[in-house]
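**Student:** Taken in sequence, the protein lines are chains A and B.
Going by the working numbering, 224 is the number at position 171 of the first sequence; the sequence numbering is gapless.
Going by the working numbering, 696 is the number at position 145 of the second sequence; the sequence numbering is gapless.
Treat each hint with caution, since some may be false.
List time: in silico SDA-like cross-link candidates among lysine to any residue, alpha-carbon distance up to 20 Å [said to hold, decoys possible]: (1) A:K163 to A:M196; (2) A:K218 to A:S183; (3) A:K178 to B:D669; (4) A:K290 to A:F334; (5) A:K178 to B:V707; (6) A:K184 to B:R670; (7) A:K178 to B:G665; (8) A:K163 to A:W142; (9) A:K178 to B:A635; (10) A:K178 to B:R668; (11) A:K184 to B:D669; (12) A:K163 to A:E181; (13) A:K178 to B:A798; (14) A:K178 to B:L588; (15) A:K170 to A:G154; (16) A:K178 to B:R670; (17) A:K178 to B:A732; (18) A:K290 to A:Q317; (19) A:K163 to A:R180; (20) A:K178 to B:F593; (21) A:K178 to B:R585; (22) A:K170 to A:P157; (23) A:K184 to B:R668.
Hints are computed from structural coordinates only; laboratory data are not their basis.
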Amino acid sequence: MACIEARGLRKAFGATIALDGVNLRVEEGRILGLIGPNGAGKTTALNAILGLTPYQGELRVLGRDPWTEREQLMRDVCFISDVAVLPRWIRVSQVLEYVAGVHPRFDRAKAESFLAKTNIQRGSKVRELSKGMVTQLHLALVMAIDARLLVLDEPTLGLDILYRKQFYDSLLNDYYDRNRTIVVTTHQVEDIQNVLTDVVFIDRGRIVFNCSMEDFESRYVEVMARPEQAAAARALKPMQERQVLGGSVLLFDLIQSQNHVDRQQLAALGEVRTPSIADLFVAVVGNHAGNQGSEQKGAAR
Amino acid sequence: MNTPSSAMDESPLDAREIAPAVLSESRLFYWSVRRELWENRFIYIAPLAAAAVYLFAFLISLIWLPHHKMRALLALDLAQQHEAITQPYDFAAGLFMVTAMIVGVFYSLDALHGERRDRSILFWKSLPVSDVTTVLAKASIPIVILQLLAFVLTVVTQFIMLLLSSAVLRANGMSVANYWAQVSWFQMSLMLFYHLFTVHVLGHAPFYAWFLLVSGWARRAAFLWAFLPPIAIMVVEKIAFNTTYFANMLVDALSGGAEAVPFPGRMPIDPGMQLTPGHFLLSPGLWIGLAVTAAFLFAAVRLRRNREPI
């Protein structure tokens, strides 16, 4: 059973179309990054998955309809939707008690042991904690819930690099196993490149790119061409070229390029490496900007 | 309630099978109410403060009881005597009722508004508690919890008043028995309970439900949205038809109609004020009010489900 299965998911706010026929299938045990510009429909898609907003089209999460079965679904799904949603008046001890009271799969001892590694005091109110600590607290709650799907919507917004690194380290080391699925959106793409198993680009309510990270690494290459080789590299029709200090960086799609470019060819032109998700995002979403009708690109799994 | 999907049953090592998948509704309700009391501590602090202030004032008034008051009382006839003695007790009951009403109105108007304003609704909704449970828990605060609190505090306060008065009377060598007979604390408490249940719980439920509905609907100024539309209806009705049916209806509902016991303390000696629970239960106003309450709460549940954080 797929963890998330969406077909023709649509959602409009008045005249604004937030989701324009999204098709998405996320298998269990994946860590999916949902990347998109502001207003692309990321949060709307996640809200639909979490049963926070009604939608048109077909959507099943863990086999349930999120809109009609939210409270049943929430036994198996956790989400952190922003750093600011923990109620500011609540005490750390109270939120532990409350979640233990209402969640059948919450392991309080686990949350306590995670909190013991932080500077968070039991008697503190959320409003007295720093932004980073609030996220740590929320993560402690979520990690102590034995859920099957964890949804993170900009979980590290406004956090410094240490907290961000710690956040994803904890998630991977103490939480993630092959039975759990994680869906994460963030603008700090570089933080999650090595965390993800799959990446999806969403733009103007449509999925414009969907690829596993294994395919990503074998399919897309970036060559840092020496200035004298730049023209030769350009002749191979890269997806995108950008200028950096000391030369040009050209991005190639090894599968879809017309000239059947391969790694050896590119290696002759300069240093070859895996592009960052952010650079590929710019290439893909940039290309699709005027081309909304194009179908989902990327390797089918 | 559904059980977890079959996919989970296939893995015997899964720890989820050990944990119960579903918690009872009553447990979810209990924690939902508890959470409201954590967030809104004024729910019990305000009535407790009222009790403390009132007892303090009463204590001071006792200084005058033995000499001036008792002497003046002896000059009155029996009915007047009774009224003079029970008046502070009635006043205590009234004070807690009014406190509960004020707290209830402010609580209800913020209950579904505050969680959207601070976006914490996203956190509450990330937990397996339904909108129905949440809204019912919030509705139970003004309709049940506050009234129970008013009852307990009134009874306790009145008992303390009785003890204090007795101590003062005895110290001055006056009859305590007569005083106790006049106050008849136990009977007074029963009357109070009846009054609170019929008027403040059943009778006022539609008002609190309306306030909850407005707090779930309004983006801002919930207070205005709660009070201006009813006032507008009254004004329009008065000007257009020169009638006051709507206003009369509200006043009837607020006062509990003719069936209610207006002054619980005076009951014991007034034969005109008999309890008529049968008559009360058969009055259409009660059932219309309860139907309106249910409709408002249903709408509030729908709103909580649909509305996004402000």
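**Student:** Taking the hints in turn, state whether each one holds.
**Tutor:** Hint check:
1. A:K163 to A:M196: Status holds; Cα separation ~8 Å.
2. A:K218 to A:S183: holds (17 Å)
3. A:K178 to B:D669: This hinted pair holds, its Cα atoms lying about 15 Å apart.
4. A:K290 to A:F334: holds (18 Å)
5. A:K178 to B:V707: Violated, at about 33 Å.
6. A:K184 to B:R670: holds (15 Å)
7. A:K178 to B:G665: Within the cut-off at roughly 17 Å; holds.
8. A:K163 to A:W142: violated (23 Å)
9. A:K178 to B:A635: Measuring from Cα to Cα gives roughly 49 Å; hence the hint is violated.
10. A:K178 to B:R668: Measuring from Cα to Cα gives roughly 18 Å; hence the hint holds.
11. A:K184 to B:D669: Roughly 15 Å between the alpha carbons, so the hint for A:K184 and B:D669 holds.
12. A:K163 to A:E181: violated (23 Å)
13. A:K178 to B:A798: Violated, at roughly 45 Å.
14. A:K178 to B:L588: holds (15 Å)
15. A:K170 to A:G154: violated (23 Å)
16. A:K178 to B:R670: With a Cα-Cα distance of about 17 Å, the restraint between A:K178 and B:R670 holds, given a limit of 20 Å.
17. A:K178 to B:A732: Cα-Cα ~51 Å, so violated.
18. A:K290 to A:Q317: Cα-Cα ~16 Å, so holds.
19. A:K163 to A:R180: violated (23 Å)
20. A:K178 to B:F593: holds (17 Å)
21. A:K178 to B:R585: Holds. A:K178 to B:R585 sits at ~17 Å (cutoff 20 Å).
22. A:K170 to A:P157: violated (24 Å)
23. A:K184 to B:R668: Holds, at about 19 Å.
Checked against the numbered hints above, the structure violates hints 5, 8, 9, 12, 13, 15, 17, 19 and 22; every other hint is satisfied.
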